[in-house]
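Q: Sequence:
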Amino acid sequence: MTVTLPVTIAPIWGVSPLQPDSATMTQITLIVFLAVLVMNSTLLTIWGVRRLFLEKPTFRRDWSFLDLWLMPQVILTTLLISLIPLFVLHPAISSTEAMMRSVSFVLPMLFLQNIVFFGVPAAFVFLKYRLPLREIGLPPLPKRREVLMGIGLGLAAIAVSLPLEMGLTALANQFSYLPWVAAGLKMEQALPINALIESVTKQGWGVLLLAALAIGPGPGFGEEMLFRGFLFGLLRRRWGLWPGVIVSGFVFAAVHGYFIGFLPVFLFGMALAALYHRTGSLWVGIIVHATNNSVLVLLAYLFPNLT
Numbered sequence: 001m002t003v004t005l006p007v008t009i010a011p012i013w014g015v016s017p018l019q020p021d022s023a024t025m026t027q028i029t030l031i032v033f034l035a036v037l038v039m040n041s042t043l044l045t046i047w048g049v050r051r052l053f054l055e056k057p058t059f060r061r062d063w064s065f066l067d068l069w070l071m072p073q074v075i076l077t078t079l080l081i082s083l084i085p086l087f088v089l090h091p092a093i094s095s096t097e098a099m100m101r102s103v104s105f106v107l108p109m110l111f112l113q114n115i116v117f118f119g120v121p122a123a124f125v126f127l128k129y130r131l132p133l134r135e136i137g138l139p140p141l142p143k144r145r146e147v148l149m150g151i152g153l154g155l156a157a158i159a160v161s162l163p164l165e166m167g168l169t170a171l172a173n174q175f176s177y178l179p180w181v182a183a184g185l186k187m188e189q190a191l192p193i194n195a196l197i198e199s200v201t202k203q204g205w206g207v208l209l210l211a212a213l214a215i216g217p218g219p220g221f222g223e224e225m226l227f228r229g230f231l232f233g234l235l236r237r238r239w240g241l242w243p244g245v246i247v248s249g250f251v252f253a254a255v256h257g258y259f260i261g262f263l264p265v266f267l268f269g270m271a272l273a274a275l276y277h278r279t280g281s282l283w284v285g286i287i288v289h290a291t292n293n294s295v296l297v298l299l300a301y302l303f304p305n306l307t
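Heads up: the sequence shown runs through residues 1 to 307, numbered per our numbering.
I should point out that these hints are in silico values taken from the structure, not numbers from a laboratory. All C-beta atoms in this analysis are idealised placements derived from N, C-alpha and C, irrespective of residue type, glycine included. One or more hints might be untrue.
What the hints assert, rightly or not - Each pair of labels, with its calculated beta carbon distance range: (1) R278 with T77: 48 to 58 Å; (2) V74 with R278: 23 to 33 Å; (3) F303 with F65: 39 to 49 Å; (4) P304 with R50: 54 to 64 Å; (5) R130 with F303: 27 to 37 Å; (6) V103 with T77: 24 to 34 Å; (7) P132 with Q174: 27 to 37 Å.
Work out the full structure, taking the sequences as your base and the hints as a guide.
A: This is the structure in structure tokens:
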């Protein structure tokens, strides 16, 4: 069961069957770092020349593609800093695989991750764009109609997505002799969130409750603010409705890292973006997302063979 379970920002090479050697990983990391450094230096130079010498604006003050470039960097930096205490408190965990199966590590990591996913875009909107969160569809409390709509649509999403994923799984297994299909299946099985779900199913109801909160309401708030409130909001303003729906849905599915689950998560992401546009409320998507994920955790706990 992989449908719409949360993004997990964590090292996965240690548990992946496609694990590259350390030298290759070092080279890839260095190339990415240098590319980002060059891009940032170029943007800073362009901004400085236009601002200081030409006295012309370079980028829009709000909902700029520059913000889209900076956002992942700010999120990743904030996450790495916030996760330092967790690594300090878990020095005995000797491998990435053991780390991803440690409930005491992964659940706090998910809480921190979604606080950052929510907090960084919210800070851009509130501090940089000078907009109250109410303006992007997030007043302090949802309306009763939004709560009922969110719960109903969240349950409906499960009723649609689970049969779809089961069908895709059966289809993929028929073609598992193909190397790229076999690699995709193995990589999906090695995702950190799947290791967490497997660990939770062996724990008691207290751990189940914490997992339901970390995997349900946590991504509901964090991922909806990031992918719908910010990413879709920016793309809709710059490219229009349907390009925004499709691109934000694609990015949402891609960062989850699923193979079989890519299509269901892609459709789910597009549906959430369209729902946000239709209702004007982030609350509906938050409740849909939280309901969907929480029920999936409960199903995984009650029926482990579904995972």
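Q: Any hints this thing doesn't respect? Which numbers, in order?
A: 1, 5, 7
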